[in-house]
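**Q** Now for the letters of each chain:
Number of protein chains: 2
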Amino acid sequence: MTHTDNPCFETSVNLLNDPQNQRVWSIIISLFGDMAQQPKDQISGGALTRVITPLGIKPEAIRVALHRLRKDGWIESVRSGRASVHYLTEFGRTQCAAVTPRIYAREPGAPQSWHLLIAAETCGQAALDEALLLPGYIAVNRTTALGFGPKPGKTQDLLALDADNLTLPNWFKTQLFPADLSNSCAALLKAVNAIPDPAPDLNSAQVATLRTLIVHRWRRVVLRHPDLPANFHPAGWVGEACQRRVFSLLDQLPRPVLADLCETPEI
Amino acid sequence: MTHTDNPCFETSVNLLNDPQNQRVWSIIISLFGDMAQQPKDQISGGALTRVITPLGIKPEAIRVALHRLRKDGWIESVRSGRASVHYLTEFGRTQCAAVTPRIYAREPGAPQSWHLLIAAETCGQAALDEALLLPGYIAVNRTTALGFGPKPGKTQDLLALDADNLTLPNWFKTQLFPADLSNSCAALLKAVNAIPDPAPDLNSAQVATLRTLIVHRWRRVVLRHPDLPANFHPAGWVGEACQRRVFSLLDQLPRPVLADLCETPEI
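Residue numbers (full-length UniProt numbering), protein chains in the order written: chain H, 1 to 267; chain W, 1 to 267.
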């Protein structure tokens with residue numbers, strides 16, 4: 001196993017890995033989303049194993065996760081000679097594409113315009129719940145949604161207005177950025193700050209392992225909160241520092257060419 | 001009783017009077033608020049009787065109401081020779097002065113700027129309830145207050161923002177102007193439109209009776225809703241037409257000089 005004979009690599013994996021909280025299918029999606037999101041992209045079973053087993057995940061667990069991902073319609077697998085190759089279904093690609101802009105955004109949301117939709121206790125709740133299913137809406141409380149941009153033309157049974165000059169109380173900030181999210185984010189910042197700058201002699205699989213781990217951890221922080229400007233952040237929120245370090249590391253770990261990754265190494 | 005020998009006067013009183021819904025103490029306050037709100041103003045017992053008995057109210061009921069108003073601190077009464085005179089206490093004058101601008105406003109509220117204060121279900125409720133006790137705040141629902149003018153500097157635990165370009169749903173309009181208020185207002189409009197223009201030969205007491213009735217009915221409509229521009233009114237709201245006719249009638253019934261009113265007529 002020559003490709004793990006690298007103490008910097010092992011240190012980085014240990015710092016980034018979170019075995020308590022490891023869903024193998026979710027890690028596989030992070031990997032496909034990062035490296036094989038285009039229609040013709042595919043990853044061989046061998047490459048998957050090389051990228052994911054360094055996290056302490058057994059090949060059997062990978063097989064189980066792939067089975068689940070096929071059953072749920074995310075992934076398809078085909079035989080190619082004696083090997084297997086795996087790729088995202090159209091459904092899987094659509095799901096990944098929906099969150100890719102958010103995961104890979106390098107800047108926190110700029111200050112922008114806002115509107116509010118407000119229901120009565122006894123009227124307009126259905127219209128409000130419908131609005132809250134749309135992207136660009138944040139629940140303030142049971143009867144109020146804050147929306148990005150100016151108020152839409154049709155607002156059904158809702159009191160609607162353009163909002164300006166917002167003063168944000170602490171309860172709203174910690175509702176958007178709850179303590180467990182802040183803790184996850186602080187833990188990730190600690191990890192990404194502690195790992196050494198990537199060595200230039202990492203092979204393609206090692207680069208893919210580190211990218212997958214970083215993207216996976218960041219995805220689980222960034223997708224749990226809406227993209228909001230700094231005045232929405234609670235005191236002590238380190239998301240911006242975390243984001244800077246995540247992208248500084250990813251820039252030092254350029255995406256391997258899939259063909260290189262999937263070539264069976266001579267071991 | 002020469003002063004009721006006027007068929008136009010009697011018709012007007014019958015149209016404006018609402019014996020089902022007649023609180024004598026409240027009518028007396030309408031009279032004092034309209035005609036004797038200044039510190040040295042006073043109304044004799046005889047004048048009170050002459051103004052109020054045409055409404056079908058017995059002198060005994062006037063005595064009971066005055067007793068209650070003294071007990072509650074609104075009115076004081078003193079002897080003056082064989083007669084009695086009555087006047088508003090400082091408390092009574094303050095209470096009247098607080099609502100006089102609203103009752104006597106001749107124009108509906110102009111469009112103006114607005115702000116919102118929003119509480120969470122579990123946070124900020126006390127601050128919101130406090131704001132709703134202030135003039136210039138309207139409850140939207142249990143967690144939201146709409147305030148006149150720009151957002152205040154300090155808003156405690158509340159999400160605060162300047163609101164613009166409001167779209168108002170029907171539930172909010174009928175919450176502000178409920179059906180029974182709309183009905184009262186429509187009934188008053190019908191009455192004020194039906195009464196003949198005041199005859200020039202009315203005596204001071206008759207003028208005072210009609211003014212008191214008109215102000216009393218209008219007060220009970222106008223103080224039950226906030227002063228809001230037309231886009232807040234539900235379909236069919238006739239408050240503006242009512243207001244125009246009320247002030248057109250009051251302009252034709254100029255306030256009698258108190259000394260004339262209180263002079264005992266030779267009967």
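Hints in this document: simulated from the structure, not taken from any laboratory. These numbers were taken from a predicted model, which means no experiment stands behind them. Beta carbons are placed, not taken as given, at the ideal position from N, Cα and C, and that holds for glycine. Do not rely on the hints blindly, as some may be mistaken.
Chain H regions said to be covered by chain W (calculated; three or more residues, Cβ under 8 Å) [unchecked claim]:
(1) 14 to 24
(2) 137 to 143
(3) 156 to 163
(4) 167 to 173
**Q** Run through the hints listed earlier and report the numbers of any the structure violates, in increasing order.
**A** As far as the earlier hints go, only 1 is violated by this structure.
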